[in-house]
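K.L.:
Residue numbers (the numbering used here), protein chains in the order written: chain V, 1 to 245; chain P, 1 to 245; chain G, 1 to 245; chain L, 1 to 245; chain C, 1 to 245; chain D, 1 to 245.
Some clues are possibly wrong.
Which copy is meant is left open, because identical chains are indistinguishable; a pair holds if it fits in one copy or across any two.
Here are the simulated SDA-like cross-link-like pairs (lysine to any residue), alpha carbons at most 20 Å apart as the crow flies [to be verified]: (1) K232 <-> E143; (2) K94 <-> D173; (3) K94 <-> D128; (4) K232 <-> R181; (5) K232 <-> D51.
Worth flagging that the hints you see were computed from the coordinates, not collected in a lab.
One letter stands for each residue in the lines below.
Number of protein chains: 6
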Amino acid sequence: MQIQNATWTEVRDTDTNLAMVPIGSTEQHGPHAALSTDTLNAETIAETAADQLDEPVVVSPAVPVSIAEEHRQFSGTLWTSESTFRSYVRDIVKSLAFHGFDRVVLVNGHGGNVAALREVAGTITRHDDAYAVPFTWFEEVGENASRMGHGGPLETALLQYANPDYVREDRLDDAATGGSRRWGDWVGRVNLAFDSAEFTENGVVGDPREASVGLGEDLLDVASEILADLLKTISEHDIERPPHK
Amino acid sequence: MQIQNATWTEVRDTDTNLAMVPIGSTEQHGPHAALSTDTLNAETIAETAADQLDEPVVVSPAVPVSIAEEHRQFSGTLWTSESTFRSYVRDIVKSLAFHGFDRVVLVNGHGGNVAALREVAGTITRHDDAYAVPFTWFEEVGENASRMGHGGPLETALLQYANPDYVREDRLDDAATGGSRRWGDWVGRVNLAFDSAEFTENGVVGDPREASVGLGEDLLDVASEILADLLKTISEHDIERPPHK
Amino acid sequence: MQIQNATWTEVRDTDTNLAMVPIGSTEQHGPHAALSTDTLNAETIAETAADQLDEPVVVSPAVPVSIAEEHRQFSGTLWTSESTFRSYVRDIVKSLAFHGFDRVVLVNGHGGNVAALREVAGTITRHDDAYAVPFTWFEEVGENASRMGHGGPLETALLQYANPDYVREDRLDDAATGGSRRWGDWVGRVNLAFDSAEFTENGVVGDPREASVGLGEDLLDVASEILADLLKTISEHDIERPPHK
Amino acid sequence: MQIQNATWTEVRDTDTNLAMVPIGSTEQHGPHAALSTDTLNAETIAETAADQLDEPVVVSPAVPVSIAEEHRQFSGTLWTSESTFRSYVRDIVKSLAFHGFDRVVLVNGHGGNVAALREVAGTITRHDDAYAVPFTWFEEVGENASRMGHGGPLETALLQYANPDYVREDRLDDAATGGSRRWGDWVGRVNLAFDSAEFTENGVVGDPREASVGLGEDLLDVASEILADLLKTISEHDIERPPHK
Amino acid sequence: MQIQNATWTEVRDTDTNLAMVPIGSTEQHGPHAALSTDTLNAETIAETAADQLDEPVVVSPAVPVSIAEEHRQFSGTLWTSESTFRSYVRDIVKSLAFHGFDRVVLVNGHGGNVAALREVAGTITRHDDAYAVPFTWFEEVGENASRMGHGGPLETALLQYANPDYVREDRLDDAATGGSRRWGDWVGRVNLAFDSAEFTENGVVGDPREASVGLGEDLLDVASEILADLLKTISEHDIERPPHK
Amino acid sequence: MQIQNATWTEVRDTDTNLAMVPIGSTEQHGPHAALSTDTLNAETIAETAADQLDEPVVVSPAVPVSIAEEHRQFSGTLWTSESTFRSYVRDIVKSLAFHGFDRVVLVNGHGGNVAALREVAGTITRHDDAYAVPFTWFEEVGENASRMGHGGPLETALLQYANPDYVREDRLDDAATGGSRRWGDWVGRVNLAFDSAEFTENGVVGDPREASVGLGEDLLDVASEILADLLKTISEHDIERPPHK
């Protein structure tokens, strides 16, 4: 159930303990993909998983601006501090739990949010009256996960399949040639770079020409199935904290 | 320009100092209007004003969850603390200003945000590198403003005109009869109530049967024209702070 | 009972659940009225209402510095951040409630505090062990409320009646001619100005020559009666939060 | 110059870099002395020193509620968190400095504030555009300092001299017999107690019968002279921070 | 140079822009390894790398308590909130930079700190006058990284080599049999567990019997060499933030 | 029991409610004493007292960086804000209490921490599930306390006895001649200085040549005995907060 399309009486009549909060971002995705790429993709995955599930699940509106300071040199990128972001997500989850939807998946579309979401999910689970876990869709696509990049094959493909108007097909060549092959600037496993402008000229990492509608559909199938499975699991999961040893 | 539908290169090529941030809410609007009423209406007003303006204006994604704790007893209402909300808005405006869009209207659809938006706009204007003012659409509709209520004639009418799928027409009678005539519980001009559940049974204030598509169109015309005028004015406004006396 | 003039044993022996916290400000009020105008007026109203009430009410010392950054260009104006102000007021109310005085009116003398007081009263009522409401005296003076201004007829009159030494009668003409007619700089209902120095030369809004001792007495009568009525009402009011629907 | 009794134009015409902020408290002082004892005494000292000084000094209104949680078991005691208190004082000093009064003495009447004032004065001096130092009057009374107690000879005497209405002379015997001889509950120099109710029955420490009007006058003479001397010194003091070594 | 073993004059005479902050933890490491395992190992790596470097590098004392709430059910585990931890590290780095040691490696020994260190390093690099990167030693040991666990082969081996007194050799069998094979409780790549007590009986993950002094030496060689390389690189690295595009 | 040298199972098997947290600092101590002087001395005192006690007491690792901004002009000095420091200590104590070690002495080696430790101990005792008191060793050495200084006879002597490698004996003359006689720059009891560089050339206050191994041993005997006594006392102390009066 998309909460924003429902009335409060319809939500009241929904019998579930499950909710999802899509976590998007408004940030550069190269010259070919819209700034809302992460938001759209998170929404797509959440909606598809909700449809697959037998029991109802409440889906909140997507968080549209998140941790994207690393892309700030590229026009149009919006961001909040990590601390503000965590507070915003935590407050939303607390509201959901207030109504009884206290097992919540944070369905994430942006790599820059992964760590902060894990942190805030831990805080919620340990200290609030709710249980939350983050789910980042492009980590849940099998071997394809290694091709992620930024504005690369995976994100572009999912857009092409579910929101094709948000891809500028005529700029895919530009996107590929002006981008970089790899995220970051590395010594061992240490990334020396903090801003993507340090290693990509046009914001792209990876080759979005490898994307296709078919790939998008495949990614959606795989990720949404795992998400639906996750929802089913946490609905029955023992979320009580373990006793002291 | 809707920033979420643009690429960063398209934003880069946009020559303006103007931006709008629609400020919505996810909160009960009676049994007949969707929880996203405030978000949809704020977006409608912002988009219409942007279309009317000769010069470009950047429109960010709407803030979907805001200060709505007063409606928390009604299922599905989501809220953040006032402090989190102000930080979230401030961070977004700072990002916009970082790209040169440093004159920003906060286009608000929810009464509960009015005070916090004025506060944060003052903080931004005095202490950040930007100028911001809040604009609450239903205050800018002439004499109609007095009929505001909650889930009442104005909000319902604008939805009916611009987003009719979000109104349950068959529940308008229920909405009207189960609601209250007036917002609050008063001694003089002091409202004793802090939660809307203290004075309305079904969340409605006012009679949504007074709404109509025609009224919605009128409201939109009036409010968006004032908003467009506001944008033109601040674009040229002297925003330097006055000297000490 | 003025708490600052009492010993703890006298407070202990006071049987009531009512308290008032006068909220003042130290800020410019034109060339003719003292910087403490708002503090003095808030104290006057609170004391008069306390005298009218049959049951005892504890009156804390006035908060002397509050949200007045908007007047900062005028020498002598003192201010705190909104956040500090709210914390200061909340802590005071929590202390009062710790002693059993858990129904508290925040008796306010300054327009710049109205929004922050409503916010903090909501926080206290929902999350602390107390109930609080703000009362702003110049909103409770019937039709006179429309003549408020700043350092204008109402504030000057109340000073003239209750604290005449704080008005420089010989500067009333200067005050009137160097002031402005209206608070703010407006497009529709949006105030473009954030600092009063943007629209008033000497800090005054309105014509303080319309003030008189008689007007001051009338204002005090009206406002203190409503305040006394408010106290009586909240003393018996059901302050439990409503159940979830 | 008492800032609350002045207009902004009078403050503007005052040529000085000096200011004082009296720091009071609203807290139990036994059955014989008013809850505002610390505020009154801080004001008395500040005013007297201001009168003695040849150059003008701006005196802000007193901070009426401060760090007094240690007395919370005694009715009427009000307090803020240490953090709120520091923010409140810091904001006031920043306002004063904004107008050019950037050398500020925090004239303190309450032992519980000593540490927090030293901390915030350091923060202000190192990180804001101002220089501040705390001055606690009862530490500046020569050998008498050792007789301080709480509601004891020193505080009572200063009240008797400057604000006699705030002492209940007929309860001095009760005050003395129901109080304790010493502040705290000690192992070595560690005070095991955090609340004064752990070691004093009626809130008093020391014997207020040793107070007298004459002693009050003497204390005021000594302390205000040192304070005036302090003001003269800091007015000319090199407040630049030392270079790195 | 170990800063804690030096005098300020010796630090002053040290010509470098490089510093390291070892980041430890005090947390359960099974029945066989001391609670300070992470601290000791971080110190070992930092010291060894410092010795290998031709130029001097300042090494601060280790941060002894960090983000270990996930182990709280096991006695003796100490932790701070993530927010406190980030502030503590940030303040230390700012102090180092104040003295000119403004390129700082955060040499980390605890998996629970990885995300928070990356976040705070970004904040420092973008907003303070310093450049910082985290380095987590057990990520920098080639293929061995996959055997990490908790209190498993890698940590135990490094202790055995560098701090053998901190391993209880006679409990290695117990450690192995009472531990678990894998960190976490997984659906796809989502870890449902937030506390290690949810999936390990005695706190161990992995088989510490696979550890050996020789393995410890190898790990130290590999990791410290990469760390020395990292230090050389950042000493010359262009740390200016990229321009807006 | 040194917690960092124990396994969690060993801590679990320790039957006590007592803990100590040594509070050190990394800050200049003149040309002759190491930057870690305060940490080492706090650890020495805590360990010695632990040995003297009949019952077990848990000793956490020392907090190595604390409130030392006053020494920032001297190279190598590290510091945190007061607020960060208090949070760090509070979190550690809360962790200890989580395991049942809820009576905690903060064994302090640095004068700059005294006030902040008393504040945070009060916060813990009143608002957390623990009781804490600070103990500053050099205040507990009888008449010797008056000779404290900074890097002076007391601190140097304790180092000479317990950690002689951390004293540069050949620089004692330099230390003495380049130091100052007195801490601070005074008017009455007000210290005008906020940074030690305002009154000491080389960071020293007092004459470290008065130190000796014998004096160090004496200081340790006296202070650790009082500390052991304190531990015994609080182990049995009634720590319940007093009732309201």
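K.L.:
Each hint needs a verdict: does it hold in this structure or not?
P.N.:
Comparing the hints with the structure gives:
For the identical chains of this complex, K232 and E143 are neighbours neither inside a copy (24 Å) nor across copies (35 Å), given an alpha-carbon limit of 20 Å. Proximity of K94 to D173 under the C-alpha cut-off of 20 Å is found in neither arrangement, the shortest distances being 45 Å within a copy and 33 Å between copies. In the homo-oligomer, the alpha carbons of K94 and D128 lie at most 20 Å apart both inside one protomer (7 Å) and across protomers (18 Å), since each shortest distance falls under that limit. In this assembly of identical chains, K232 and R181 lie within 20 Å of each other by CA distance neither inside one copy nor across copies; the values are 38 Å within and 25 Å between.
For the identical chains of this complex, K232 and D51 are intra-copy neighbours only, at 13 Å inside a copy versus 45 Å across copies, given an alpha-carbon limit of 20 Å.
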